Amino acid sequence: MEIVFSLAVGVLGGSGVWLVLRPRTFQVILGLSLVSYAVNLFIFSMGSLSIDAEPIVRPGVPQDLLHYTDPMPQALVLTAIVIGFALFVFALAVLKRSWEVHGNVETDRITAVAEEPAPDLPAPAGEDKA
Amino acid sequence: MNTLIVSPLLIPLATLVATLLARRSPRAVTALSLAGALALTAAGMALVALAAQGQILATQAGGWAAPYGITLVIDRLSAAMVAITGIIGTATLVFALARDDDPARSRDFHPLVHGLLVGVCGAFITGDVFNLYVWFEVLLVGSFALLVLGGGRRRLSGTVVYVVLNLVATMMFLLAAGMLYGASGSLNMALLAQAFAAGEVPATAHASVVLMLTAFSIKAALFPVFGWLPASYHVAWTPVSALFAGLLTKVGVYALIRIVTLFWPDASAAHEVLLWVACATMLIGVLGAAAQVEVRRILSFHIVSQVGYMILGLALATPLALAGAVFYLIHHIVVKANLFFIGGIAARLTGSERLAAMGGLYARAPWLALLFAIPALSLAGIPPLSGFWAKFVLVKASLDASAWIAAAVALITGIFTLLSMSKIWNEAFLKPHPAGDAGERSAAGMRPAVWAVSALAAMTVAIGLGAGPVMDYAVAAAEQLGAPAGYIAAVTASGGQ
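Those sequence lines, one after another, are chains A and B. In terms of the numbering used here, the first sequence opens at residue 1 and continues consecutively. In terms of the numbering used here, the second sequence opens at residue 131 and continues consecutively.
In case anyone wonders, no lab produced these hints; they're calculated from the structure. Small disclaimer: the values here were computed from a predicted structure and weren't measured. Check each hint, because a few of them may be wrong.
[As the list claims (entries may be wrong)] Ranges between beta-carbon positions, derived for each pair: (1) B:ALA619 with A:PRO23: 36 to 44 Å; (2) B:ALA165 with A:PHE26: 38 to 46 Å; (3) B:ARG577 with A:ALA123: 20 to 28 Å; (4) A:MET1 with B:GLY282: 25 to 33 Å; (5) A:ASN104 with B:LYS526: 52 to 60 Å; (6) B:VAL340 with A:VAL11: 43 to 51 Å; (7) A:ALA123 with B:LEU134: 17 to 25 Å.
[As the list claims (entries may be wrong)] Some residues of chain A that are not near chain B, with every Cβ distance over 12 Å (derived): (8) ALA8; (9) VAL11; (10) VAL20; (11) SER45; (12) ASP52; (13) ILE56; (14) VAL61; (15) PRO62; (16) ARG97; (17) ALA114; (18) GLU115.
All C-beta atoms in this analysis are idealised placements derived from N, C-alpha and C, irrespective of residue type, glycine included.
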C-alpha cells in the first residue's frame with residue numbers, strides 16, 4: 001500500500017509544483033490546491049497506513065498504536081484542511097478581483113504592475129497649506 | 131498566572147470580536163481597538179517584568195497534558211516580543227487615526243489588525259510546532275486581508291505575489307511539521323528538544339527541521355527567497371506597510387531562533403549554512419536598496435538586509451551573538467516601523483513616494499527631519515542610538531568567533547545602509563521640491579501620525595542611551611536560549627510529561 005500512497009502524494013505534489021510555475025493565475029491556484037492535497041495526504045500517512053484500524057475505541061481492545069492508527073495526524077490534517085480552505089477562498093477572491101481590475105490573468109503582467117513607479121498623490125483642489 | 135500567560139491571545143481576540151460587534155459606530159471601533167492594543171502592551175510589559183526575574187512561564191492550553199495538549203511557553207525572548215508587538219500595534223493604530231483619503235482607512239482595518247496581532251502573539255508564545263503553523267496561518271490570512279485593503283491595481287498586484295509565495299512557504303512548513311511528527315512522534319517543542327539532545331531522533335527528523343527552516347527563511351525573507359518582500363510591502367496602505375515591516379518577518383526570525391536553539395543548540399553544519407545565508411542576505415539586501423528610487427521600496431530591501439544581521443547572530447551560536455540577535459530584534463522592529471511611518475508622512479507632505487518627485491522637507495518641516503534622522507541613523511548604526519549597540523555586539527561576536535568575513539560584511543552593509551539613508555535624506559529633505567511651492571501638500575490632520583512617530587523615535591533614543599538594561603535583558607535571554615534544559619524543565623513542571 002505504501003508504494004501506491006507515495007506515488008499518489010508524489011504525483012499530486014509534482015503536478016502542483018509544476019502548475020504553480022505556470023504563467024496563469026488559475027493554474028497557479030490549482031497548483032497550490034494540489035500541493036495542499038499532497039501535503040495533507042502525506043501528514044495523514046504519518047499515522048500508520050492500515051486497514052480496519054480506525055481510531056475509534058472498541059471495547060476489550062488494548063488502547064495503543066498496535067491496534068489503532070494514530071489519531072493525531074488525522075487531527076492535524078483536519079486542521080490543515082480547514083486552514084487551507086480559508087486561505088484558498090481568500091486567494092480565489094484576490095485572483096478574481098485581480099482579473100476584474102487588471103483585465104488579464106498572466107501572472108507576469110499582473111505582478112509587473114506593482115513594479116511600476118508609485119503613483120503620485122492626487123493634486124490638492126484648493127486645500128489650504130498648513 | 132495562567133490568565134497572564136494566555137492574555138496575549140485573549141486580548142487581541144476579544145478586541146477583534148468587540149470591534150466587529152461595534153461596527154455601526156466608527157468611533158467605538160477606534161476606541162475599542164486602541165484600548166485593546168494598549169491592554170496588549172500592558173500585558174506584554176507585565177510578562178517582561180515576570181520573565182526578567184528568570185522564570186520561564188509555561189501552561190497547558192485547556193489543561194490537556196503534553197504531548198497531546200498544547201503548551202504555551204513564555205521566556206525572556208517571547209515576553210519581549212509580545213511587548214514590542216503591543217507597542218508597534220498601538221503605534222500603528224494611532225498612526226491610522228491621521229486623516230487619509232486612502233480607501234483602506236475603514237472600519238475593517240481595526241478587526242484585521244487585531245486578527246494579525248493575535249497570530250503574531252500566538253506564534254511568539256506557543257510551545258508546539260503544529261500550533262506554530264496555526265498561528266502563522268492566522269497572521270498570514272490577516273496579512274492577506276490587510277495588504278489588499280483598499281483595493282486598486284497596484285495593491286492587488288502586490289497581493290498576488292505575496293499570497294502565492296507565502297502559501298508555498300506555508301505548504302513547506304506544514305509538510306515539515308508532519309514529517310517531524312512522523313519521524314519523532316511528538317510535536318511538543320520541549321519534548322522534541324529532549325529527544326534531539328539525547329540523539330533519539332532518526333535522520334528524517336533532522337531533514338524535516340531543515341525543511342522547516344527553509345520555510346521560515348521564506349517567511350523571514352532571507353537570501354535567496356526574499357524576492358516576495360520588496361515586491362509586495364510597498365503597495366499597502368502606510369500603517370499596514372509599517373506594521374508588516376515591523377512584525378511579520380520578525381516572526382519568521384523568531385521561529386528560526388526558537389527552532390535552531392531548541393533542536394540544534396550546538397554549532398553544526400546548519401549554523402555554517404546560516405552564516406553564509408546571513409552574509410548574503412545582508413549584502414544583497416542593501417545593494418538592492420541602493421538601486422531603488424522610491425522610499426518604501428528602499429526600506430523594504432533594508433528589511434531584508436537587517437534580517438540578515440539577526441540571522442548572523444543566530445548562526446554564530448555564541449551567547450554574545452545570540453544576545454546581539456535578540457537586541458537587534460527589539461531595536462529593529464521599532465526603527466523599521468518608524469521609518470515606514472515617516473516615509474508615509476513624507477509622501478503625504480510632498481505628494482509623492484518617488485524620491486525624484488519629493489523635496490524641500492527640511493525647510494518646510496524640520497521636526498520631520500529630526501524624526502527621520504533618529505531611526506535612519508539608528509538603522510545605520512550611529513552611536514548613541516540603539517542600532518549602534520546592536521551592530522557593535524554582533525560585530526564583536528563575529529570577531530570573537532573568528533568569523534572575519536561575516537564581520538566585514540556586517541560593517542560594509544552598515545556603510546551601504548548609511549548611504550541609503552543619506553540618499554533619502556538628500557532627495558526628500560535637503561533638495562528643494564521639484565515643483566517648488568506648488569508641490570507642498572497640506573499637513574492637516576497629521577497630528578496622530580506625528581505622535582506615533584515621536585513615540586517610536588523616543589523609544590529608539592531611550593534604547594540607545596539606556597542600552598545597559600536592555601542589553602542585560604538580551605544577554606539573559608540569550609543565556610536562556612542557549613540552555614534548552616531550562617525550557618524543557620519549565621514545560622515539564624507545568625504538567626507536560
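May I ask you to test the hint 20 to 28 Å on the CB atoms belonging to ARG577 of chain B and ALA123 of chain A? holds (23 Å)
Run the C-beta distances from SER45 of chain A to all of chain B and say if the shortest one exceeds 12 Å. For SER45 of chain A, whose nearest Cβ neighbour in chain B is about 8 Å away, the distance does not exceed 12 Å, so it is violated.
Indicate whether the distance between the beta carbons of ASN104 of chain A and LYS526 of chain B respects the range 52 to 60 Å. holds (53 Å)
ALA123 of chain A versus LEU134 of chain B beta-carbon gap, inside 17 to 25 Å or not: violated (52 Å)
Any Cβ of chain B at or closer than 12 Å to ILE56 of chain A, or is the non-interface label fine? The assertion about ILE56 of chain A holds, with a minimum of 17 Å to chain B.
If I take the minimum Cβ distance from ALA114 of chain A to any residue of chain B, is it greater than 12 Å? Nearest chain B Cβ is 4 Å from ALA114 of chain A, so the label is violated.
Can the suggested window of 43 to 51 Å be confirmed for the beta-carbon pair VAL340 of chain B and VAL11 of chain A? Violated, at about 24 Å.
Whether VAL20 of chain A stays farther than 12 Å from all C-beta atoms of chain B, as the label says: Label violated. Min Cβ-Cβ 7 Å, cutoff 12 Å.
Is it the case that VAL61 of chain A keeps its Cβ farther than 12 Å from each residue Cβ in chain B? Non-interface label stands for VAL61 of chain A: nearest chain B Cβ at 20 Å, farther than 12 Å.
The output says PRO62 of chain A does not contact chain B. Does that hold with a beta carbon cutoff of 12 Å? holds (18 Å)
Does the no-contact call for ASP52 of chain A survive, Cβ to all of chain B over 12 Å? holds (21 Å)
Quick check for students: does the CB of GLU115 of chain A sit more than 12 Å from each CB in chain B? violated (7 Å)
Violation of the numbered hints given earlier is confined to hints 1, 4, 6, 7, 10, 11, 16, 17 and 18; the remaining hints are satisfied by the structure.
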